[in-house]
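In case you want the letters, here they are:
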Amino acid sequence: MTSDPKLESCALKPADIARRVAAELPDGAVVNLGIGIPTLVGNYVDAGRGVMFMAENGIIGAGPKPEPGEEDKDYINASREPITTLPGASVFGHADAFAMIRGGHIDIAVMGALQVSAQGDLANWTVPGVGKGGIGGAMDLAAGAREVYAIMTHTMKDGGLKLLEECTYPLTARRVVTKLFTDIAFIEFTPDGPFLREVAEGLTIEDVQAVSEPALLTNGPPGALMREETP
Amino acid sequence: MTSDKVYPSSRAAVADIPDGATILLGGFGGAGIPENLLVAMADHPARDLTVVTNHAGFGERGLAVLLRQGKVKKIICSYAFHRSAFVFRELYLEGKIELEQLPQGTMAERIRAAGAGISAFYTPTGVGTQAAEGKETRTINGRDVVLEHPLPGDVAVIKAHRADAMGNLTYRGTAANFNPVMATAAPLTIVEVEEIVAPGVIAPESVHTPSIYVQRVVRGEDLDLRSET
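If you read the protein sequences in the order shown, they are chains A and B. Taking my numbering, the leading residue of the first sequence gets 92, the next gets one more, and so forth. Taking my numbering, the leading residue of the second sequence gets 30, the next gets one more, and so forth.
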């Protein structure tokens, strides 16, 4: 994630971040998973928890990847990957899918982020320059889902910061991120500001603050971010 | 039985699409794309088309067959620069095609509004972003919202799974995507299907798109044509 060797050695792998996000989802929630690390989250949600996955191309109740040779080209997710359906699934067109999203019927959108601001602004659809990225469903999901869980590496590869006072990349939506999961921290956005809930094992509050532009609120020592070896 | 909606070929079904038409083109990823109609359109003289579709094409199939023939003046889509939209990217960087990018749900709802007789609507999507630039915004019930207008087409070119000869349609899986809403938003809707059945075979309560939205139906000549995803 970064040029800092201490941060790098303690940083969570994508699968560990996905596992932490999965643990945070409330049982029974209707969840939309974005492209990238968010797609991994589904792998760590036990079926018994009643979480339903919705994709904006028109499905609620998407199941795991089909076995090789079992793919059906008419059944894909928003990342255009083949999917299966679970008992009780439903399919519908785009007008209905986005009515659900804007209408507040989706509990949580889990989205990759490029930058997040102190106020919970989200930038994740493009970077400055010509001919990059696409909006897709990101602006609708960010504005419409009841909560937005954002996932990103805490810093850029060159050490540049991504948790900022104000985003410098084009915005996806203002004041929407409720929880941010990075490779070194779990941060919750409260009316008073970003609150540092958990820190990767081996790191301190100061380590995380040093790579975060806004002041992080704390209340005693934060918890340890869950890892694979944690039962 | 009204079967004059059934056309003998994709070529016949798209034969009178005029220059400069705005085309609502269904499909998302590789699912629900009217591949045979697109191949027929690429062979057809109509040009300077504006195409409204979710993404700017994947690989060499789908929309790319029109782009390769220089038929398209402008694309209105939600996702332009996917790495596999290389045909579009090249044209765009050479200044040979215009682009308007908008949020996917706003696109769907603008098309829906066009088909449903709604003059305009306010939505929270895109407030405070490039998508709202130059548009009226206001606060309604404490929420900032942006004014959006209908997005009709001259011709909807869509894909369904089955049609009856009256033009009633059903879709399969996630291949519905933009197809049902686009069927409502153009005076001429041309549908590629995998199977055409007699009226009554599709039970009334199983119809997804009622027949009055559909003017032409054709069975796709090569059902194995698929856009890469």
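No wet-lab data here; the hints were simulated from the structure. Predicted model, so just to flag it, every value in this text is computed and none were measured. In this text, a Cβ means the ideal position worked out from N, Cα and C, and glycines have one as well. Check before you lean on any hint, since a few could be wrong.
[What the hints assert, rightly or not] Think about it this way: if two alpha-carbon atoms lie no more than 16 Å apart in a straight line, the pair counts; the simulated EDC-like pairs of lysine to aspartate or glutamate are:
1. A:Lys97 / A:Glu257
2. A:Lys164 / B:Glu119
3. A:Lys223 / B:Glu127
4. A:Lys164 / B:Glu127
5. A:Lys223 / B:Asp33
6. A:Lys223 / B:Glu119
7. A:Lys223 / B:Glu123
8. A:Lys248 / A:Asp95
9. B:Lys102 / B:Asp183
[To be verified] Quick look at which bits of chain A chain B covers, simulated, 3 or more residues with Cβ under 8 Å:
10. 112-122
11. 125-131
12. 145-152
13. 181-192
14. 289-295
Going through the hints against the structure:
Our distance criterion of 16 Å between C-alpha atoms is broken by lysine 97 (chain A) and glutamate 257 (chain A), whose separation comes to about 27 Å. The suggested pairing of lysine 164 (chain A) with glutamate 119 (chain B) is violated, with an alpha-carbon distance near 28 Å, which exceeds 16 Å. Restraint check for lysine 223 (chain A) and glutamate 127 (chain B): the C-alpha separation of about 15 Å stays at or below 16 Å, so the hint holds. The straight-line distance between the Cα atoms of lysine 164 (chain A) and glutamate 127 (chain B) is roughly 30 Å, outside the 16 Å bound, and the hint therefore fails.
With a CA separation close to 46 Å, the supplied pair lysine 223 (chain A) and aspartate 33 (chain B) exceeds the 16 Å bound. Only pairs whose Cα atoms come within 16 Å are accepted, and lysine 223 (chain A) paired with glutamate 119 (chain B) is accepted, the gap being roughly 13 Å. Taking the CA atoms of lysine 223 (chain A) and glutamate 123 (chain B), the gap is about 15 Å. The hint holds against a cut of 16 Å. Using a Cα cut-off of 16 Å, the hinted pair lysine 248 (chain A) and aspartate 95 (chain A) holds, with the two alpha carbons roughly 10 Å apart.
Proximity of lysine 102 (chain B) to aspartate 183 (chain B) is assessed by CA-CA distance (about 15 Å); at most 16 Å being required, the pair is judged to hold. Evaluation of the coverage hint for the region 112-122 of chain A: breached, as 0 residues show C-beta separations to chain B shorter than 8 Å, against a requirement of three. Chain B is given as covering the region 125-131 of chain A, and this is violated because 0 residues of the stretch bring a CB closer than 8 Å to a CB of that chain, at least three being needed. With a threshold of 8 Å between beta carbons, the proposed coverage of the region 145-152 of chain A by chain B holds, since 5 of its residues qualify and at least three are required.
Residue count for the region 181-192 of chain A with a Cβ under 8 Å from a Cβ of chain B: 9. That meets the three needed, and the coverage hint holds. Given a C-beta distance limit of less than 8 Å, the hint that chain B covers the region 289-295 of chain A is violated, as 0 residues qualify and 3 are needed.
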